[in-house]
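Undergrad: With the hints as a guide, dock the two chains, each given alone in a separate frame, to form the complex.
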Amino acid sequence: MADLLKDLDFFNLDEMLGHEERMVRDTVRQFVQREVLPTIERHFADETFPKELVPQMAELGFFGANLKGYGCAGMNNIAYGLIMQELEAGDSGLRSFASVQSALAMYSIYAWGSEEQKRRYLPEMAKGKLIGCFGLTEPDHGSDPGGMETRARRDGDGWVLNGTKRWITNGSIADLAVVYAKVPEGITGFLVERGTPGFTTRDIHGKFSMRASITSELIFEDVRLDDNARLPEARGLRAPLSCLTQARYGISWGVIGAARSCYHCALDYTKERKQFARPLAGYQLVQNKLVTMLTEITKAQLVCLRLGQLKDANKMRPEQVSFAKRNNVGMALEIARLARDMLGANGIVNEYPVIRHMLNLETVNTYEGAFDVQTLVLGRDITGLSAFE
Amino acid sequence: MKILVPVKRVPDPATTIRILPDGSGIATDNIKWVINPFDEIALEEALRIKEKQGGGDVALLSVGQQAWQEQLRTGLAMGADRAILVRADQPLDTLAIARVMAKIVGDEKPELVIIGKQAIDDDSNQVGQMLAEMLGWPQATFASKVEIAGTKCTVVREVDGGVETLAFELPAVITADLRLNEPRYASLPGIMKARKKELKEIPVDSLGLDLAPKLKIKALAAPAKRQAGRKVGSVEELVGVLHSEAKVI
Ligand SMILES: Cc1cc2nc3c(=O)[nH]c(=O)nc-3n(C[C@H](O)[C@H](O)[C@H](O)COP(=O)(O)OP(=O)(O)OC[C@H]3O[C@@H](n4cnc5c(N)ncnc54)[C@H](O)[C@@H]3O)c2cc1C
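Top to bottom, those sequences are chains B and X.
So the first sequence is residues 1111 to 1499, counted in this note's numbering.
So the second sequence is residues 455 to 703, counted in this note's numbering.
Pulled out of the complex, with its shape left as it was, chain X reads as follows (with noise of 0.2 Å):
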C-alpha cells in the first residue's frame, strides 16, 4: 500500500521557547528541531502497517525551507522509503499547506494519509481535516487504533468520556494522537541506509497554487508567570481565602 505521511519541523517541545522582544515570532537560534512528535507517531503506524502487509512504499512529505530536509533525513533513518520536500521560503497558513499537500496527494496517489493530529509549535489542529475535505475523502482524527483489511479501514478514537470507532473506506485521512504508538529509533543501520533514499525537491511555485494567508499571526506573548503559591496558618484560613480570594467554594 502506498502511504503519505507529512511531517513538520518543530522545536524539540524540551527547549526552552524565547519570544522575539516586538512580539513577531520565537528566536530560533540555538533550537533543537525535531519532527513534530505527533507527525512521528503517524510515521510509526504506517511503518507498521508496511511491516504487517509485508511490503508497500512510505513517503514523507514536509513544506517548508531547506533545513526541513534533516527532519526528512530523520523520518528516511526511521524507514520510509522516501521523501519529498515542497520549497517553501515564506510562511504558509494551515490552509496553504493543506492546498500544497492534496495537490501532492494528487500526482502521488496514495491509498492513505497518517499526519499528526496537531504539530506541537502552533497546535492549530487543522491540516488533515482541511486534506480531508479538500480531496473529498473520508477522515478519522485522533486515531488510537488503526486496523487496515483490504480497502477497509477501522479507526479507534479518544473522544470525551471513551472511544469512538469508525469504519470507511480507502482512500482515507488519518491523524494520529498520542496513545497510537511508541515510534521506534533511528538505528544507526537505518541512518546509514537513509544517504541513499531519494529525497526529492519541489519548488512551491512550481504547484501553481494559491497561497496567499488567509491568516495573519499578530503578535506571540509568554504565558504570565505563575504565581507563588502560599502557605496558610489553619483549616479555617484555608476555607476563607478558598472562599473570600480564589472563590471556588
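If we strip away everything but chain B, and leave its shape as in the complex, we get (with noise of 0.2 Å):
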C-alpha cells in the first residue's frame, strides 16, 4: 500500500518553507499517521465523526493556530494552510472540523465579538473543551446567504431568534452555535449556547460524503438571547462572508493533501498492476493521467504558498481566495476521480482511500462558495460587470 501521507514536492518547494513551518507540518503528518489513518475507514463507514480525536488536536495546538492571543497559538498562515494540507490529506472530514471550529466559529468571535466574549469562548475553543459550529446556510438559501430568512427582533434588552439553518458541520455537537441572522439594521451574528431552550438540532443522514463529519440542521424557535449574545461588531454580510474567506484560504491547502494522498495511491497502483503483462504505469495514457496530477498539485502548491504570503503580509484579497479554492478544489476534485478511475474496481472500495476522497471533494467544491460562484466572483473582478447579484 502506498506511503498515503509522503510528499510531493517536484519543485523542492520545502526549501521555500521555514523550519518552523516544516515542523508544524511534520506534526500534523505524524498526528495523521498514527491517529487518523488507522481508524478513519471505519468512521467513514458508520457515519461517525472521530471526536475523540479532538484533545489531542488541541493540545498540539491545531484550534485557532493563526489567530494571536487567547490561548491561540498565533503560528503564520503558511504553517496554517500546511496544517490543513495535512489534516485533509487523511480525510476532509477532519479538516472540515478544524476549518469550522477555527476559521468559522473562532474568527467570528476573534474578528467580530466583543472583548468580553473573545475572553470567554476563544481560550476554551482552542482546547477544544468548546466546540463551536457556524451557521450561515438556510434550506433556501445557500450561495445566496443575503436572502437568509432567519431574524431576531428586538424583545426589551434582549433579542428573539426564529429560524432554520441547514448543512451545519458540527452542528450537533456543537457546545456554541455561530449563527448570522436578519435584524432591522441589517445582518449580524448570535453566539447561541447549546441548552439554550427553543434551540434544537437534527443531524442530516444519508450522505456520500463527509461522512466522518457531522453535518446538522439548527432550529430556533423563540430562542430568547441577552444582548450580550451579539457579537457587536458584526454588521452586515461583511461579517460571516469575511469568515469564508478565511475558511476558503484553509481550504484551498487542505485539498492538495487529499489530492496528494489520491497521486500517491494510483502512482504506486499501476506501477505494480500489470495488464496485457505490463504495469499501467508503462501505458501513454496512464502516464498522461499522471504527469495532469503532479502538474496539477504543483500548481496548486504554488499558488498557495503565494497566497499564504500574501495573507502574512496582510495583502491578500478575497478574490485571490476565490481563485485558489475554486483552482484547487477543481484540480483535487478531478484527480480524485481520475485515481478513482485508474484503480478500476479496487478504486471503488475503502482498502484504498480514493474514493473516500472522491466523495468528500464533492462537497468541498460546494460548501464555502461553490466553484461556479467563485467563477462568478472573479469573473465580476475582471469585467466589472457582476453577474449574480
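If you're looking for bench data, these hints aren't it; they were derived computationally from the structure.
Honestly, I wouldn't trust all of these hints.
[What the hints assert, rightly or not] According to the in silico footprint, chain X covers these stretches of chain B (three or more CB under 8 Å from chain X):
# : stretch
1 : 1113-1127
2 : 1134-1143
3 : 1176-1187
[Said to hold, decoys possible] Using 35 Å as the maximum straight-line C-alpha spacing, the simulated DSBU-like pairs for lysine-lysine come out as follows:
#  : chain 1 : residue 1 : chain 2 : residue 2
4  : B       : Lys1381   : X       : Lys563
5  : B       : Lys1178   : B       : Lys1425
6  : B       : Lys1384   : X       : Lys685
7  : X       : Lys563    : X       : Lys651
8  : X       : Lys685    : B       : Lys1178
9  : X       : Lys557    : X       : Lys486
10 : X       : Lys557    : B       : Lys1384
The structure presented is a predicted model; accordingly, all values stated were derived computationally and were not measured.
All C-beta atoms in this analysis are idealised placements derived from N, C-alpha and C, irrespective of residue type, glycine included.
TA: See below:
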C-alpha cells in the first residue's frame, strides 16, 4: 500500500518553507499517520465523527492556530495552511472540523466579537473544550446567504431568534453556535449556547460525502438571547463573508493533501498492477494522467504558498482566495476522479482511500462558495460586471 | 535532575538515499533531515524523567554544522530546555564526537546522559559506549525501560533471546532502543516556545581536543539490487531448486 502521507515536492518547495513551518507540517503528518489513518475508514463507514481526536488536536495547537492571543498558537498563515493540508490528507471531514472550529466559529468571535466574548470563548475553543459551529446556510439560501430568512427581533433589552439553518458542520456536537440572522439594521451574528431553550438540532443522514463529519440542521424557535450574545462588530454580510474567506484559504491548502494522497495511491497502484503483461504505469494514457496530476498539484502548491505570503503580509484580496479555492478544489476533485478510474474495481472499495477522498471532495467543491460561484466572483473582478447580484 | 541528550542530524528514514557517483558520500540535495530516531526516543525518555520528577533540566547537545540548529530547535519544540551546538564544519569520526561530548559533559556536569543506541545513517553504535568509557561512568545500552530512584537507576535492556536488568549508580550513560517509548509530537505551542529557548554555540576549536580522524570512509556503495522472484511449476521443481540452486536443503 502506498505511503498515503508521502510528500509530493517536484519543485523543492520545501526550501521555501521555514523550519518552523516544516516542523508544524511534520507534527500534523505524524498525528494523521498514527491517529487518523488507522480508524478513518471505520468512521466514514459508520457515519461517525472521530470526536476522540479532539483533545489531542487541541493540545497540539491545531485550533485557531493562526490567531494571536487567547490561548491560540499564533502561527503564521503558511503553517496554518500546512495544518489543513496534512489533516485533509487524512480526511476532508477532519479538516472540516478544524476549519469550522478555527476559521468560521473562532474567527467570527475573534474578528467581530466583544473583548468579553473573546476572553470567554476563544481559550476554551482553542483547548477543544468548547466545540463551535457556524450557521449561515439555510434550506432555501445557499450561494445567496444575503437572502436568509432567519430573523432576530428586539425584545426588551434582548433578542428573540427564529429560523432554520441547514448543512451545518458540527451542528449537533457543538457547544456554541455562531448564527447569522437578519435584524432591522441588516445582518448580524449571535452566539447561541447549546441547551438554550428553543434551540434544537437534527442531524442530516444519508450522506455519501463527508461521512466522518457531522452535518446538522439548527432550529431556532423563539430563542431568547441577551444582548451580550450578539457579536457587536458584525454588521452586514461582510462579517460572515470574511469568515468564509478565512475558511476558503484553509480549504485551498487542505485539498492539496487529499489530491496528493490520491496521486500516490494511483502512482503506486499503476506501477504494480499489470495488464496485457505490462505495468499500467507503462502505458502512455496512464502516464498522461499521472503527469496531469503531478502538474496540477504542483501548481496548486505554488498558488497556496504565494497566497500564504500575501496573507501574512496583509495583502491578500478575497478574490485571490476565490481563485485558489476554485482552482485547487477543482483540481483535487478531478485528480480524485482520475485516481478512482485508474484503480479500476479497487477504486471503489475502502481498502484504498481514493473513493472516500473523491466523495468528500464533492462537498468541498460545493461548500464555502461553490465552484461556479467563485467563477462569478472572479468574473466580476476582472470585468467589473456582476453576473449574480 | 540534569540530563544531557546528544542528538544527531540524519536523513529522514523515508528519504531515498542516492550515493554520489564517486562513492565519496551521499547526495544531500533535496534530502529531508530529522533528529536521529533513536535520539528522539532518548529525548522523550529524558522529558518523561523530568516530568515524573516534577522538574529538572534537559539539555540537547549536537556536534555539527550550522544547519544542525534545525534539529535542535525541533528538540526544543518537543520540550528540551536548552541546546548546545558545538560547531564543527569538518567531518568527525565517532571517537572525535565522543571526545567532544566528554568535554561538554565535564563542563555541564549532568547526572545522566541518554543517547540513541546508534545513528540510522552510519549505524556505528559506538558513541554512547565510548563516552561512558571516557567518563568512567556505568553504561546501559539498548535500554527498553529506565527507572530512576534517587541516584539509583535500573535499566532493562534487550539482549539476544531475552531481557537483562542492570542496576547501577548515577551518573551514567544510557543508550535508547526502539521500544523504550514512543516520542511525542512537537506541539504548536511547543514550537512557539522553542523560539525563546537558549541555543548556545561553541566553536569546536575552542575545546582544544585532538579530533584528527582515526577512521577514513574509503567508499560507499549501494546494496546490490534484489533479483526478482521466479515461479516454479511444481513441488518437485521447488525442492529441486532449493537443493541445487539455493542450496538450503
Ligand atoms: C457537508 C456540508 C457541510 C456544510 N457545512 C456548512 C457549515 O458549517 N455552515 C454553513 O453555513 N454552510 C455549510 N454548508 C453549506 C454550503 O456552504 C452550501 O451548500 C453552499 O453554499 C451551496 O449552497 P446550496 O447547497 O444551497 O447550493 P445552491 O446555492 O442552490 O447552488 C446549487 C448550484 O447552483 C450553482 N449556482 C448558484 N448560484 C448561481 C448563479 N448565480 N449562477 C450560476 N450558478 C449558480 C452553484 O454553483 C451550484 O452548482 C455545508 C454543506 C455541506 C454539503
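Undergrad: Against each hint, give a clear statement of whether it holds in the structure.
TA: Hints and how they fare:
1. For the stretch 1113-1127 of chain B, the proposed coverage by chain X is satisfied: 6 residues have a C-beta within less than 8 Å of a C-beta in that chain, meeting the threshold of three.
2. Look at the stretch 1134-1143 of chain B against chain X: 5 of its residues bring a Cβ nearer than 8 Å to a Cβ of that chain, three or more, so the hint holds.
3. Look at the stretch 1176-1187 of chain B against chain X: 3 of its residues bring a Cβ nearer than 8 Å to a Cβ of that chain, three or more, so the hint holds.
4. Between Lys1381(B) and Lys563(X), the direct Cα distance comes to roughly 55 Å. Violation of the 35 Å bound is thereby established for this hinted pair.
5. Of the supplied pair hints, the one linking Lys1178(B) and Lys1425(B) holds, its CA atoms being roughly 18 Å apart against a limit of 35 Å.
6. For the suggested pair Lys1384(B) and Lys685(X), the alpha carbons sit about 16 Å apart, so the restraint of at most 35 Å is met.
7. Restraint check for Lys563(X) and Lys651(X): satisfied, since their Cα atoms lie roughly 20 Å apart, inside the 35 Å limit.
8. Restraint check: the Cα-Cα separation between Lys685(X) and Lys1178(B) comes to about 63 Å, which exceeds 35 Å; the hinted pair is violated.
9. Using a Cα cut-off of 35 Å, the hinted pair Lys557(X) and Lys486(X) holds, with the two alpha carbons roughly 30 Å apart.
10. At most 35 Å may separate the alpha-carbon atoms for a hinted pair to count; Lys557(X) and Lys1384(B) exceed this at roughly 59 Å.
Checked against the numbered hints above, the structure violates hints 4, 8, 10; every other hint is satisfied.
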